[in-house]
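Let's have the full structure, built from the sequences with the hints guiding it.
So the protein lines, in turn, are chains A and B.
With numbering that gives the first Met the number 0, the residue at position 253 of the first sequence is 252, and numbering never jumps.
With numbering that gives the first Met the number 0, the residue at position 158 of the second sequence is 157, and numbering never jumps.
Keep in mind that the hints were calculated from the coordinates and are not lab data.
Be careful, since some hints might not be right.
So these bits of chain A aren't anywhere near chain B, every CB distance computed over 10 Å [stated by the list, open to error]:
id, residue
1, 32
2, 35
3, 37
4, 57
5, 219
6, 220
7, 261
8, 267
Calculated pairs, DSS-like style, for lysine-lysine (alpha carbon to alpha carbon, straight line, at most 30 Å) [stated by the list, open to error]:
id, chain 1, residue 1, chain 2, residue 2
9, B, 155, B, 124
10, B, 84, B, 27
11, A, 51, A, 6
12, B, 84, B, 124
13, B, 84, A, 51
14, A, 51, B, 155
15, B, 124, A, 6
16, B, 124, A, 51
17, A, 6, B, 155
Since the structure is predicted, the reported quantities are computational estimates derived from the model, not experimental observations.
Don't be surprised by glycine CBs; every beta carbon is placed ideally from N, CA and C.
So you can see what is in the structure, the chains are spelled out below.
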Amino acid sequence: MNREAIKAAAEWHAQLCADDAGPEHHAAHEHWLRAHADHRWAWQQLETLRGKLGALPGPAAASTLRRSGVRQGRRSAIKGLALLVSAGGAGWLGVREYPALTAGHRTALGERRSITLADGGTLILNSDSSVDIRYDAQQRLIQLHSGEILLQSAPDAAKRPLRVQTRDGLIQALGTRFIVRQLPDATRVAVEQHAVLLQPAGEPGLRQRLEAGQQAEFSRSTVRPAGTPASEPGSWVTGMLVVADMPLAQFTAELGRYRRGHLACAPEVAQLRLSGAFPIDDTERALHAVAQALPVRIRSFTRYWTRIEAEDAD
Amino acid sequence: MPPTLPTDTVSGLYREHGTWLQGWLRRKLGCIWEAADLTQDTFVRVLSSPAAGRQLEDLREPRHFLVTVARRVMVDHLRRRALEKAWLEELALRPEPLAQSPETRALILETLLEIDAMLDGLGAKPRQAFLLSQLEGLSYAEIARQLEISVSSVKKYMARATEHCLLLMLDAPR
Numbered sequence: 000m001n002r003e004a005i006k007a008a009a010e011w012h013a014q015l016c017a018d019d020a021g022p023e024h025h026a027a028h029e030h031w032l033r034a035h036a037d038h039r040w041a042w043q044q045l046e047t048l049r050g051k052l053g054a055l056p057g058p059a060a061a062s063t064l065r066r067s068g069v070r071q072g073r074r075s076a077i078k079g080l081a082l083l084v085s086a087g088g089a090g091w092l093g094v095r096e097y098p099a100l101t102a103g104h105r106t107a108l109g110e111r112r113s114i115t116l117a118d119g120g121t122l123i124l125n126s127d128s129s130v131d132i133r134y135d136a137q138q139r140l141i142q143l144h145s146g147e148i149l150l151q152s153a154p155d156a157a158k159r160p161l162r163v164q165t166r167d168g169l170i171q172a173l174g175t176r177f178i179v180r181q182l183p184d185a186t187r188v189a190v191e192q193h194a195v196l197l198q199p200a201g202e203p204g205l206r207q208r209l210e211a212g213q214q215a216e217f218s219r220s221t222v223r224p225a226g227t228p229a230s231e232p233g234s235w236v237t238g239m240l241v242v243a244d245m246p247l248a249q250f251t252a253e254l255g256r257y258r259r260g261h262l263a264c265a266p267e268v269a270q271l272r273l274s275g276a277f278p279i280d281d282t283e284r285a286l287h288a289v290a291q292a293l294p295v296r297i298r299s300f301t302r303y304w305t306r307i308e309a310e311d312a313d
Numbered sequence: 000m001p002p003t004l005p006t007d008t009v010s011g012l013y014r015e016h017g018t019w020l021q022g023w024l025r026r027k028l029g030c031i032w033e034a035a036d037l038t039q040d041t042f043v044r045v046l047s048s049p050a051a052g053r054q055l056e057d058l059r060e061p062r063h064f065l066v067t068v069a070r071r072v073m074v075d076h077l078r079r080r081a082l083e084k085a086w087l088e089e090l091a092l093r094p095e096p097l098a099q100s101p102e103t104r105a106l107i108l109e110t111l112l113e114i115d116a117m118l119d120g121l122g123a124k125p126r127q128a129f130l131l132s133q134l135e136g137l138s139y140a141e142i143a144r145q146l147e148i149s150v151s152s153v154k155k156y157m158a159r160a161t162e163h164c165l166l167l168m169l170d171a172p173r
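Here you go:
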């Protein structure tokens, strides 16, 4: 092991993470890399370390590790606690609200919000989603206008049915926890617990029961099973996009749901397959992790224009 | 014939001192099941460590030796449990309901343990600076403000923490 090279790699890392890191630093770093195989080896170790860090859900993991550090080193306890308090407000977007009987809710891009329903159930809105909650004497209705929700139902004293309505039809909860996503041309439903009943709007006679662990898409007239999902349907609730063997093009579209501006991938890398857990609250970190996992590089012209390209492209 | 396998020595050690060690661990931990588990872990560690195997050849104070290994096993165990607890508490602060798949949760916990072990032995400020920069994405200026240090110190701490992690990562088995 070349300790000098490791030390230098660590110093480069500290320089390139700094606020004032500019093109001249990157150029100098490139020069350093080219100078010796040991430098490239050391930098590869650094990339491995960054990969491990990139796989963690940032703020939550940082808070956990800071607390474990507090426990280990009493000397830092007071400052550590102060930091915990200051981190509490910034990290998560879970603003709790107690809606009136009819209420509209909307989340911005990159936002996620948890709402406690009047019956004690929980509704979580994913990024860029909008719903109306309409509870009346006959039913508990949630209208999903756009985006994606997770609904954890609670038993109702008045035994009113709990339903989610989308452009394509109704989903009736059967004592359950499930995820509904409005796609451009269909509604995707994934059941985590118990079961739901799907009712396409154009076929009043058609009812399809969906059990825990199953996923389906339905339009106004048909229901089709969605097969094995390439991403874990509810992982966004924990701030992660968890994918298995997903084509990069699809991954790019999924990550784009949490990010402002243009995000695309070049055709030559669109079919590369990706697996792993990526933080959606920090899409820059997620993209960095992609560049570690695949032979690609992330090219940004401005903050709002990003493209994933083949590593050796010019 | 190959030289005597440490396995024989270890099984002898286990027969003679296993029950005693379990009693010692039970007094330390206050839980009979945990003590039984960690007794097994201690002997597994003795078996899987070549250095320990060599020491076994002429062991004058077997109980002293076992307690030394058991103490290390116990520290690792408690650290793991503390970190797991901190992580679950952290998740509990998030909006309910939280259903990470067990696989995701286990993977994240393993990585947390690995990073935690790497950061161990690093001073409080380099540790904080590194976490704030790498996991929270704060700028050096913001980190300097929070930790009440200069920006050039942040950079110095970042370099030190990165080097520390890299050296431990390279040192770790696997």
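To see whether the hints hold, each was checked on the structure:
For residue 32/A, the non-interface assignment is confirmed: its Cβ lies about 16 Å from the closest Cβ of chain B, beyond the 10 Å cut-off. The beta carbon of residue 35/A sits about 17 Å from the closest Cβ of chain B, which is more than 10 Å, so the claim that it is off the interface holds. In this structure residue 37/A is separated from chain B by more than 10 Å, as the shortest Cβ-Cβ distance comes to about 13 Å. Taking the minimum C-beta to C-beta distance to chain B, about 5 Å, the non-interface status of residue 57/A is violated against the 10 Å cut.
For residue 219/A, the condition that its CB be more than 10 Å from all CB atoms of chain B holds, with the nearest at approximately 30 Å. Every beta carbon of chain B lies more than 10 Å from that of residue 220/A, the smallest distance being close to 32 Å; the non-interface claim holds. Every CB of chain B is more than 10 Å from the CB of residue 261/A (nearest about 21 Å), matching its label as outside the interface. Residue-level check passed: residue 267/A sits 30 Å from the nearest beta carbon of chain B, beyond 10 Å.
For the given pair, residue 155/B sits about 11 Å from residue 124/B by alpha-carbon distance, which is consistent with the 30 Å threshold. For the hint linking residue 84/B to residue 27/B, the alpha-carbon distance of about 20 Å falls within 30 Å, and the restraint holds. The suggested pairing of residue 51/A with residue 6/A holds, with an alpha-carbon distance near 19 Å, which does not exceed 30 Å. A hinted pair counts as satisfied when its Cα atoms are at most 30 Å apart, and residue 84/B with residue 124/B qualifies at roughly 23 Å.
Our distance criterion of 30 Å between C-alpha atoms is met by residue 84/B and residue 51/A, whose separation comes to about 21 Å. At roughly 22 Å between alpha-carbon atoms, residue 51/A and residue 155/B fall within 30 Å of each other, so this suggested pair holds. For the hint linking residue 124/B to residue 6/A, the alpha-carbon distance of about 19 Å falls within 30 Å, and the restraint holds. Distance hint between residue 124/B and residue 51/A is fulfilled; the C-alpha atoms sit about 21 Å from each other, no more than 30 Å.
Taking the CA atoms of residue 6/A and residue 155/B, the gap is near 12 Å; set against the 30 Å cutoff, the hint holds.
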